[in-house]
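Per the working numbering, the sequence shown runs over residues 1 to 99.
Heads up, some of the hints might be wrong.
Claimed, not checked - Taking lysine-lysine and the BS3-like style, the derived pairs with C-alpha atoms no more than 30 Å apart in a straight line are: (1) K35 / K47; (2) K51 / K81; (3) K41 / K61; (4) K84 / K43; (5) K47 / K84; (6) K61 / K51; (7) K98 / K84; (8) K84 / K48; (9) K61 / K43.
Claimed, not checked - Simulated restraints on C-beta separations: (10) K98 / G78: 29 to 37 Å; (11) L55 / F17: 33 to 41 Å; (12) M33 / I65: 44 to 52 Å; (13) K79 / K43: 52 to 60 Å; (14) Y91 / V69: 12 to 20 Å; (15) G77 / L22: 51 to 59 Å.
No lab work stands behind these hints: they were computed from the structure.
In this text, a Cβ means the ideal position worked out from N, Cα and C, and glycines have one as well.
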Amino acid sequence: MDPGQGESSPMTTILMFGSIILVFYFFMLRPQMKKQKDQRKFKDEVKKGDKVVTLGGIHGKIVEIRDSVFILDIENGGKIKVEKSAISMEYTTQVNKKS
1 MDPGQGESSP MTTILMFGSI ILVFYFFMLR PQMKKQKDQR KFKDEVKKGD
51 KVVTLGGIHG KIVEIRDSVF ILDIENGGKI KVEKSAISME YTTQVNKKS
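The task is simple: from the sequences and hints, build the whole structure.
Written out as structure tokens, the structure reads:
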């Protein structure tokens with residue numbers, strides 16, 4: 001091997017992998033964990049009488065809350081049972097800002 005082209009030190013390799021892991025954490029994992037925390041908080045704070053939008057685009061008003069489901073009152077007096085995980089935080093906040 002040419003003396004000018006020495007092998008890279010193990011410390012350089014470790015620092016390189018460490019920096020890649022940090023970038024991955026701060027730009028991908030951390031924002032995703034924050035978003036999940038915000039969604040969980042939103043679903044826990046939803047109460048009877050709130051207007052919500054489901055992921056399927058159904059607009060309704062919560063009339064009953066059970067363990068893992070909401071009963072929504074939709075137009076013309078219809079009621080449907082919806083899983084808590086099917087409520088969209090983004091669409092619900094947009095709709096409630098317009099009202």
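Hint by hint, here is what the structure shows:
no.	hint	result
1	K35 / K47	holds (20 Å)
2	K51 / K81	holds (15 Å)
3	K41 / K61	holds (19 Å)
4	K84 / K43	holds (7 Å)
5	K47 / K84	holds (12 Å)
6	K61 / K51	holds (4 Å)
7	K98 / K84	holds (23 Å)
8	K84 / K48	holds (13 Å)
9	K61 / K43	holds (14 Å)
10	K98 / G78: 29 to 37 Å	violated (23 Å)
11	L55 / F17: 33 to 41 Å	holds (38 Å)
12	M33 / I65: 44 to 52 Å	violated (26 Å)
13	K79 / K43: 52 to 60 Å	violated (20 Å)
14	Y91 / V69: 12 to 20 Å	holds (19 Å)
15	G77 / L22: 51 to 59 Å	holds (55 Å)
Consistency with the previously given hints fails for numbers 10, 12, 13, ordered from lowest to highest.
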